[in-house]
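Peer 1: Going down the list, the sequences are from chains U and E. Plus 16 on top of the position in the first sequence (first one is 1) and you've got the working numbering. Plus 1 on top of the position in the second sequence (first one is 1) and you've got the working numbering.
Source of the hints: derived by calculation from the structure; they are not laboratory data. Accuracy of the hints is not assured; some may be wrong.
Distance condition first, Cα-Cα at most 25 angstroms in a straight line; then the derived SDA-like pairs of lysine to any residue [as the list claims (entries may be wrong)]: (1) Lys58(U) x Gln85(U); (2) Lys117(U) x Ser74(E); (3) Lys117(U) x Phe66(E); (4) Lys117(U) x Pro111(E); (5) Lys58(E) x Trp98(E); (6) Lys12(E) x Ser74(E); (7) Lys18(E) x Ser67(E); (8) Lys58(U) x Phe46(E); (9) Lys117(U) x Ser39(E); (10) Lys16(E) x Ser54(E); (11) Lys58(U) x Ser39(E); (12) Lys61(U) x Lys18(E); (13) Lys58(U) x Gly4(E); (14) Lys95(U) x Gln85(U); (15) Lys18(U) x Val90(E); (16) Lys58(U) x Thr79(E); (17) Lys58(U) x Asn11(E); (18) Lys117(U) x Val90(E); (19) Lys58(U) x Ser8(E); (20) Lys61(U) x Glu45(E); (21) Lys12(E) x Arg57(U); (22) Lys16(E) x Asn53(E).
Each chain, letter by letter, is given below.
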Amino acid sequence: RKEVEQDPGPFNVPEGATVAFNCTYSNSASQSFFWYRQDCRKEPKLLMSVYSSGNEDGRFTAQLNRASQYISLLIRDSKLSDSATYLCVVTQAGTALIFGKGTTLSVSS
Amino acid sequence: GAGVSQSPSNKVTEKGKDVELRCDPISGHTALYWYRQSLGQGLEFLIYFQGNSAPDKSGLPSDRFSAERTGGSVSTLTIQRTQQEDSAVYLCASSLWGTGMGYNEQFFGPGTRLTVL
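Start from the sequences, fold in the hints, and give me the full structure.
Peer 2: If you want it as C-alpha cells, here you go:
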C-alpha cells in the first residue's frame with residue numbers, strides 16, 4: 017500500500033465550481049501535513065499546511081482527520097488559474113516529505 | 002532573494018555514462034533534499050542532508066546513486082552507469098531547518114530533466 021494515496025483525477029470543472037480533493041496516509045506516526053501545488057513542468061510549491069482544527073486561506077480550506085488518517089482540500093469558486101496538480105504531502109519527525117502522486121484539476125471557462 | 006537553483010536544466014546522456022547534477026540551496030538553509038519525479042509518478046525521496054549530521058540515504062534506489070554536500074551548502078547528486086529507467090526530473094529542495102523541528106517549508110528548485118538514451 018502506498019504511504020500517501022490520492023485520486024489522480026483529472027477533475028474537470030467549470031469556473032466558479034467547488035471541488036474537493038481527498039487523500040489518505042498509511043503511517044499513523046505522520047506529524048505534519050501539507051498541500052503542494054505543481055504546475056505543468058514546474059516545481060512543486062507549498063499551497064498550505066493542514067491542521068486538525070482545519071484551516072482556511074481565501075478560497076482554499078484544508079482539513080485533517082487523524083483518526084481516519086484522511087486529509088482534504090476544498091477549493092471554492094474555482095478560477096482558471098487553479099488548474100494544476102495538487103499534491104498531498106505528509107512527513108514524520110526527522111524524515112523528508114512523502115508525496116502522493118497528485119490530483120489533476122482542470123478548470124474551464 | 003535567490004531561490005534554489007539547479008544545473009543543468011536538461012541533461013541528455015547515453016546509457017552507461019555517469020552524470021552529475023548540482024543544487025544550490027537558499028542561503029542559510031540547513032536542510033537539503035533530493036527527489037526525483039518520473040513521468041506520471043509522484044515525487045520520490047532520494048536523500049536528505051541536515052546540517053553536519055550523517056545524511057539520510059534511505060531513498061537512494063541503488064548504489065549507482067550517491068550525493069554529497071560540501072561546506073553545508075552546494076550539493077551534487079551523482080548517478081553512475083546510467084540506465085534508461087533513471088530518466089526523470091531530479092528536484093532539489095531546501096528548508097531553513099530539518100523536518101524534526103516543526104513547521105518547515107521546503108522550497109524546490111526548477112529541477113534537472115535527465116534523459117538517458
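Peer 1: Would you mind marking each hint as holding or not holding in the structure?
Peer 2: Cross-check of the supplied hints:
For the hint pairing Lys58(U) with Gln85(U), the CA-to-CA distance comes to about 29 angstroms; that exceeds 25 angstroms, so the pair is violated. Distance restraint check for Lys117(U) and Ser74(E): the Cα-Cα separation of roughly 29 angstroms exceeds the 25 angstroms cut-off, and the hinted pair is therefore not satisfied. Our distance criterion of 25 angstroms between C-alpha atoms is met by Lys117(U) and Phe66(E), whose separation comes to about 23 angstroms. Simply put, Lys117(U) and Pro111(E) have alpha-carbon atoms about 18 angstroms apart, close enough for the 25 angstroms limit, and the pair holds.
Taken as a hint, the Lys58(E) and Trp98(E) pair is honoured in the structure, with Cα atoms around 18 angstroms apart against an allowance of 25 angstroms. Under the criterion of a C-alpha separation no larger than 25 angstroms, the hint pairing Lys12(E) with Ser74(E) is consistent with the structure, at around 22 angstroms. A hinted pair counts as satisfied when its Cα atoms are at most 25 angstroms apart, and Lys18(E) with Ser67(E) qualifies at roughly 15 angstroms. Distance hint between Lys58(U) and Phe46(E) is fulfilled; the C-alpha atoms sit about 17 angstroms from each other, no more than 25 angstroms.
Restraint check for Lys117(U) and Ser39(E): the C-alpha separation of about 10 angstroms stays at or below 25 angstroms, so the hint holds. A hinted pair counts as satisfied when its Cα atoms are at most 25 angstroms apart, and Lys16(E) with Ser54(E) does not qualify at roughly 33 angstroms. With a C-alpha separation of about 13 angstroms, the suggested pair Lys58(U) and Ser39(E) falls inside the 25 angstroms cut-off, and the hint holds. About 32 angstroms separates the Cα atoms of Lys61(U) and Lys18(E), which puts this hinted pair outside 25 angstroms; it is violated.
For the hint linking Lys58(U) to Gly4(E), the alpha-carbon distance of about 14 angstroms falls within 25 angstroms, and the restraint holds. With a C-alpha separation of about 29 angstroms, the suggested pairing of Lys95(U) with Gln85(U) is violated against the 25 angstroms cut-off. Between the alpha carbons of Lys18(U) and Val90(E) the distance comes to roughly 21 angstroms, so the proposed pair stays at or under 25 angstroms and holds. Restraint check for Lys58(U) and Thr79(E): satisfied, since their Cα atoms lie roughly 22 angstroms apart, inside the 25 angstroms limit.
Between Lys58(U) and Asn11(E) the alpha-carbon distance is near 13 angstroms, which keeps this suggested pair within the 25 angstroms criterion. Between Lys117(U) and Val90(E) the CA atoms are separated by roughly 14 angstroms; this keeps the pair inside 25 angstroms, and the hint holds. The hinted pair formed by Lys58(U) and Ser8(E) meets the criterion: a straight-line CA distance of about 15 angstroms does not exceed 25 angstroms. About 16 angstroms separates the Cα atoms of Lys61(U) and Glu45(E), which keeps this hinted pair within 25 angstroms; it holds.
Among the hinted pairs, Lys12(E) with Arg57(U) is consistent with the structure: their alpha-carbon atoms are about 15 angstroms apart, no more than 25 angstroms. Between Lys16(E) and Asn53(E), the direct Cα distance comes to roughly 34 angstroms. Violation of the 25 angstroms bound is thereby established for this hinted pair.
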